[in-house]
Amino acid sequence: MARPCYNVEQIREVEKDLLDRQRKPDELMIVASRAVATISAQILEKMWRPYTGSGSTILVLAGAGGNGGDALYAGALMAKNLERAEVIGVLTDDRQRVHAPALKAFKEAGCRVWDPKFKAEDLMERFPFDLIIDGMLGIGGKGALRGRAKEWAKQVNIFAADPKHHAKVIAVDIPSGIDTDTGNAGAEPATLSEIKKLGCGWKKPSPYEGDFISADYTISFGGPKRANAVNPHCGRVIVTQLHLDIDAYTPPQDDIWEMQFELRRRFDPVRQVHLLQINPWKSGDIGLRVNEGEILEPSATANKYSGGVVAIHAGSQAYPGAAVLACGGAVHATSSMVRYVGPHSEGVIARYPEVVVAPDFDSCGSVQARVVGPGSFDADGRIPDFEKILLAPETVVIDADALTALAKDEQLRRLLQERQGQGVLTPHDGEFLRLLEGFGIDINPGADRIGAAQALAAATGCAVVVKGRVTLLAAPPSRKDSLWNTKPYVVGVDVGHSWLATPGSGDVFAGMLGAFVARRQWNGEPVDYLAATERVIAMHAIAGRLAAQTPFGQGPIAASEIIKHIQSAAALTSIQPVRRGLGMALEGITAVGLTPDGPEDETGIDSGGNLEEKLTPEQFQKLKKLTATDSLERLLAELGLSLRDLQEDE
Numbered sequence: 015m016a017r018p019c020y021n022v023e024q025i026r027e028v029e030k031d032l033l034d035r036q037r038k039p040d041e042l043m044i045v046a047s048r049a050v051a052t053i054s055a056q057i058l059e060k061m062w063r064p065y066t067g068s069g070s071t072i073l074v075l076a077g078a079g080g081n082g083g084d085a086l087y088a089g090a091l092m093a094k095n096l097e098r099a100e101v102i103g104v105l106t107d108d109r110q111r112v113h114a115p116a117l118k119a120f121k122e123a124g125c126r127v128w129d130p131k132f133k134a135e136d137l138m139e140r141f142p143f144d145l146i147i148d149g150m151l152g153i154g155g156k157g158a159l160r161g162r163a164k165e166w167a168k169q170v171n172i173f174a175a176d177p178k179h180h181a182k183v184i185a186v187d188i189p190s191g192i193d194t195d196t197g198n199a200g201a202e203p204a205t206l207s208e209i210k211k212l213g214c215g216w217k218k219p220s221p222y223e224g225d226f227i228s229a230d231y232t233i234s235f236g237g238p239k240r241a242n243a244v245n246p247h248c249g250r251v252i253v254t255q256l257h258l259d260i261d262a263y264t265p266p267q268d269d270i271w272e273m274q275f276e277l278r279r280r281f282d283p284v285r286q287v288h289l290l291q292i293n294p295w296k297s298g299d300i301g302l303r304v305n306e307g308e309i310l311e312p313s314a315t316a317n318k319y320s321g322g323v324v325a326i327h328a329g330s331q332a333y334p335g336a337a338v339l340a341c342g343g344a345v346h347a348t349s350s351m352v353r354y355v356g357p358h359s360e361g362v363i364a365r366y367p368e369v370v371v372a373p374d375f376d377s378c379g380s381v382q383a384r385v386v387g388p389g390s391f392d393a394d395g396r397i398p399d400f401e402k403i404l405l406a407p408e409t410v411v412i413d414a415d416a417l418t419a420l421a422k423d424e425q426l427r428r429l430l431q432e433r434q435g436q437g438v439l440t441p442h443d444g445e446f447l448r449l450l451e452g453f454g455i456d457i458n459p460g461a462d463r464i465g466a467a468q469a470l471a472a473a474t475g476c477a478v479v480v481k482g483r484v485t486l487l488a489a490p491p492s493r494k495d496s497l498w499n500t501k502p503y504v505v506g507v508d509v510g511h512s513w514l515a516t517p518g519s520g521d522v523f524a525g526m527l528g529a530f531v532a533r534r535q536w537n538g539e540p541v542d543y544l545a546a547t548e549r550v551i552a553m554h555a556i557a558g559r560l561a562a563q564t565p566f567g568q569g570p571i572a573a574s575e576i577i578k579h580i581q582s583a584a585a586l587t588s589i590q591p592v593r594r595g596l597g598m599a600l601e602g603i604t605a606v607g608l609t610p611d612g613p614e615d616e617t618g619i620d621s622g623g624n625l626e627e628k629l630t631p632e633q634f635q636k637l638k639k640l641t642a643t644d645s646l647e648r649l650l651a652e653l654g655l656s657l658r659d660l661q662e663d664e
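FYI, this note's numbering numbers position 360 of the sequence shown as 374, with every residue one higher than the one before it.
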């Protein structure tokens, strides 16, 4: 689910109330450290050794301030509670600035403190650390790490990236060296003029220089931070709550005040940046269902048109494959018709005979959405029918060459801004820069990627998808004439891997997205095109992960391999209802999926005529409480039934 992210000022405001309510010294810090220690122990359990944290070697990096105290208290807890655990602490700031009570507790628990006169690499070579806890800087840290902290960050990042080691890096609240509000990692970002000069080749910050910590996990108190939505070096974000009035060694009580509830009460989550994580960082697992509020199977009265038809305007003499890839993405993402408009109909039909082709816009036929841009420049450097597409009322997905044409042509930009239909722009970094310059937006995306995406959405009236390892979806401001009417928001989608960085991947994504924004609900109403966009980002990511899987681990993929796994990704991100053919029906499902404010399940269950008669009153009440996304096996197990029980009267 997408979760609202908060800035430093908002977190500080709520933290102040918690600190004022403390009844004992360091109460809040101890509670935070308990969460860090508990989650760290759970991560150790899932690591490469078949053990429960015993015999672990743990490194604690502690700086001045609260985060250093959290890390030291957590180290003390793990030393006391994990059998034969060896915990070593490193003070990355002057000893007199480190939180004294936490350091005392750390030593009393039997933990050792590394002598700062020895080099960082000496310690990293001497101990095969299983876990490294980063508590050097907190959410108020700015700029690149310096001095001792920089040296340790460099060695930790190199150590954790070495495949012969199995260490996991856990950041307390935010990885050190990453700006909490902007997500900038390390040194000051390049100037806008430098970025424009370098294009998509501008220098990205490297963790091996020691300017920041690259974490596998970030334990975030209260809620995700804005940086979590844009910087992949935060790793997998685990949100935990801060409960007061509890002992650090006892589980929290249900009636205790929770930080997240207060954050959501005070700050409008619809206006926040949101975070959606597809898969755990550096993990091969695919376990998260996204946007679980939709059934993709056509309705009983559907036909090949009723689900929404998309037209793909793509391909050229130089890039004929773009047409095939975009059509392939669309064909595998929808059961409805896909039309192709362009010069490479023979190649498209040879690969996908289901596609209906047309030579130009005027002969295309009726559609509900269009995709324009993948490999579309003709020999004269123009995109055929682009002006007509922008004047048409259908939702349009603008990708690749069409984005470059927009950046260069003032007339096309004016048509886009004045059009009544909805639009989605899908730039990569280089195209993003060109669009910002073309629309006169003077925001450096290296310094404020979120702000730049929001500004482009506002200038164009379109949703903006800035593709990358963390993909941003920026919604445009509401328009009275728009079918979609809500407040602007941003979702940062951590796709969980980088296998999608391959030629043609964006063409596949554009085709998938066109198919989804063309979709119609069972009653003929258009789908929410922003929710559809969010979902396709997730589907594309999962399809890429599936394509990379081999019997021997993960390996390189081609864009055409992504297409083969779209069907599986669609199944993983949709509701799979129980069928009447098994002797029972769950109908009238109205579960609502991802919204700007998170998931809201409103599942209604129709008895299907005789379902209630087949079950005891207790079974039927239990059935109504289950969500529509539960597997058939779990549904039956909860009811104390089996498939054989239900098939007896078939």
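No lab work stands behind these hints: they were computed from the structure.
Predicted model only: the values in this text are computed from it and were never measured.
In this text, a Cβ means the ideal position worked out from N, Cα and C, and glycines have one as well.
Take these hints with a grain of salt, some might be off.
[Unchecked claim] List time: in silico SDA-like cross-link candidates among lysine to any residue, alpha-carbon distance up to 25 Å: (1) 318 <-> 178; (2) 402 <-> 319; (3) 178 <-> 542; (4) 38 <-> 142; (5) 121 <-> 142; (6) 318 <-> 122.
[Unchecked claim] Pair ranges (Cβ atoms, derived): (7) 26 <-> 315: 15 to 23 Å; (8) 374 <-> 177: 29 to 37 Å; (9) 131 <-> 570: 43 to 51 Å; (10) 574 <-> 27: 22 to 30 Å; (11) 374 <-> 154: 56 to 64 Å; (12) 180 <-> 309: 48 to 56 Å.
Hints and how they fare:
no.	hint	result
1	318 <-> 178	violated (53 Å)
2	402 <-> 319	holds (22 Å)
3	178 <-> 542	violated (47 Å)
4	38 <-> 142	violated (37 Å)
5	121 <-> 142	holds (21 Å)
6	318 <-> 122	violated (71 Å)
7	26 <-> 315: 15 to 23 Å	violated (55 Å)
8	374 <-> 177: 29 to 37 Å	violated (53 Å)
9	131 <-> 570: 43 to 51 Å	holds (45 Å)
10	574 <-> 27: 22 to 30 Å	violated (51 Å)
11	374 <-> 154: 56 to 64 Å	holds (58 Å)
12	180 <-> 309: 48 to 56 Å	violated (41 Å)
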